[in-house]
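Just need the whole structure built from these sequences, with the hints factored in.
If you want the building blocks of each chain, they are given just below.
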Amino acid sequence: MEYLSTGKILVIDLATSKIEETALDESLVSEKIGGAGITKHLCEKYLNDDPIVIGTGLLTGTTCPASAGGLITAKSPVTGKLCHCPIIYKVGIEIKFSGYDYIVVKGVSDNPVYLWIHDGVADISDASGIWGKDVWESTDSLRKLMGDDLIQTMVIGKAGENRSDYAQICYNYWSSPDRFGLGKLFGSKKLKGLAFRGMGLIEVADHENFVRRSLEILKEIKTNDFMTKKGIAEIASAIGEAGIKEWLEPIVHRHSADYFTPYATNTAVFFDEDPKRVEESKVAEPGVLISDVPALLAFKKLGLSAEDTGRALKACAKYGIDPAAVAGLSGKSSLKEIVDSFDGLSGTVALKGKGIFSPWCPLKPIFNDFGLSGDAAEAEAWWERRQAVAMIFGIQPIFSVMCPELSEENMLELAGIGTELDLTQEILDKVVADLLK
Amino acid sequence: MGIKIDALKCINCMACEMACSYHRDDGFAFLSACIVVYRAREKQDYFGVLLKEEEFLKVARPEGLEVNRIGEAADPNKKADASVKPMLLREGCDLCEDMDDYGPMCKAICPADAITLE
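Chains as they are written, first to last, in our numbering: chain A, 1 to 437; chain B, 1 to 118.
Source of the hints: derived by calculation from the structure; they are not laboratory data.
Treat the numbers as computed from the prediction; the structure is a model and nothing was measured.
Just to be clear, a hint being listed does not mean it is correct.
Think about it this way: if two alpha-carbon atoms lie no more than 27 Å apart in a straight line, the pair counts; the simulated BS3-like pairs of lysine-lysine are [said to hold, decoys possible]:
id, chain 1, residue 1, chain 2, residue 2
1, B, Lys43, A, Lys276
2, A, Lys229, B, Lys9
3, B, Lys43, A, Lys282
4, A, Lys364, A, Lys354
5, A, Lys133, B, Lys43
6, A, Lys276, B, Lys9
7, A, Lys219, B, Lys9
8, B, Lys43, A, Lys144
9, A, Lys222, B, Lys4
10, A, Lys219, B, Lys4
11, A, Lys245, B, Lys58
Printed below as a string of structure tokens:
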């Protein structure tokens, strides 16, 4: 595969320490397009080795707006279903630019290891020095070891090492959309995490036309009213949570976006530093970055203050545990009790629809109605299709439920211009149907 | 005429980096960009934009613009950023003089309108 791609699939066997590279065939892209279409295919191919497949979308890391996404596809150790967990922030693009479109991790290691993927090279490294460390310490250690603060990581904390059903794979320092217990899967494979860094070049078949259409789509997106808004509280407010903006505002520091995502879906809150400080904080860890609307709302509903909610989210991110599960299952209403409950959680976290996409992404349209009638079944089917399409092309999932201009037609057009492949609506429908069956 | 950056409008999305490097490479990469988002202080949520011009390195920090003449000693009171060293090896901003349809690509692509011409 020559365009919009590194053309390479990495297959790592933790049991034998064998690392293989295989080519990403153009015929596979013609049939499955990319992202979840191909990660599911690879999961089925390596089914007997309990694989974790990490991948990027066909448009990830391009000038297509919101092309930030990647995904982790694996059988959830909690639900037993094949699930697709979004990769957010800047981690998805770093995977692609590190030299691989897809990474299959199979088998179980005898000893704790981490994977270091950089500029087309992959290493299995001893993780005994970071096993036992929390998520923040682990990312700090990996960045320090490699001497590069821009390395992007996906790591587990103690929840994953202890094989909790609620363990998350975290990205850099922050909680993730993992509602599937994939952190437990990492822990059971003795895989502490992965670190990515790369300076690759992605070729485009017709780069001038691709960029021209990208900028036209961006121009359409910028006519949306949501472009005057930023941050997580606006999203919560738009889905009907009254009073959230006023509640959170006193601790809001800044809002930030995933790669080229026109809406800033992440909000940093400070509680150990003046949140209004614009200079660099003198405090090493002044707060936490929040991307999880349901978790934020769940802690608020327990009666926590905004500050204590921030502290609870930070504690969850360090421990590597799903904050929505903690808020929903702990049955506690004070910060100390909540943090003390991490190891004793029990119960089931409800997943929506077929349970293969993460309800970390709000389950209804944000800021725009997408022409939906208000019927619940129609909304659920729309949401699942929207998630599937986002994870085929590599679009930031939350942005995909707020932006009608990022239509299937536009994504297919860009994919066709970028690859010179005849990627039709019929093919997309077939890939989506396969994901949802 | 030059690039003006409002660091407080910046949402740390890196689109400017991609667009700038595209202008140099005709493909998607970050390697050649003369404008980068500095984002190494992630836990402190401190980010802004670095721009290399022919003679100057402009640092658009949230608290204000800092302009350094390339070759002069850096301020010892400022913590160095991992983004700075590679920047000094790259070509300076040419305002995308060959991109007739768009003007500077970083300005054209910035979703937050944090980049303007002055």
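For each hint, the structure was consulted:
1. The straight-line distance between the Cα atoms of Lys43(B) and Lys276(A) is roughly 16 Å, inside the 27 Å bound, and the hint therefore holds.
2. Proximity of Lys229(A) to Lys9(B) is assessed by CA-CA distance (about 12 Å); at most 27 Å being required, the pair is judged to hold.
3. Our distance criterion of 27 Å between C-alpha atoms is met by Lys43(B) and Lys282(A), whose separation comes to about 11 Å.
4. Under the criterion of a C-alpha separation no larger than 27 Å, the hint pairing Lys364(A) with Lys354(A) is consistent with the structure, at around 16 Å.
5. Of the supplied pair hints, the one linking Lys133(A) and Lys43(B) holds, its CA atoms being roughly 17 Å apart against a limit of 27 Å.
6. Straight-line distance between C-alpha atoms of Lys276(A) and Lys9(B) comes to about 15 Å, which keeps the hinted pair within the 27 Å bound.
7. About 18 Å separates the Cα atoms of Lys219(A) and Lys9(B), which keeps this hinted pair within 27 Å; it holds.
8. This hinted pair checks out: Lys43(B) and Lys144(A) have alpha carbons roughly 14 Å apart, not beyond 27 Å.
9. For a cut-off of 27 Å, the pair hint linking Lys222(A) to Lys4(B) stands: about 20 Å separates their Cα positions.
10. About 20 Å separates the Cα atoms of Lys219(A) and Lys4(B), which keeps this hinted pair within 27 Å; it holds.
11. Using a Cα cut-off of 27 Å, the hinted pair Lys245(A) and Lys58(B) is violated, with the two alpha carbons roughly 35 Å apart.
Consistency with the previously given hints fails for number 11 only.
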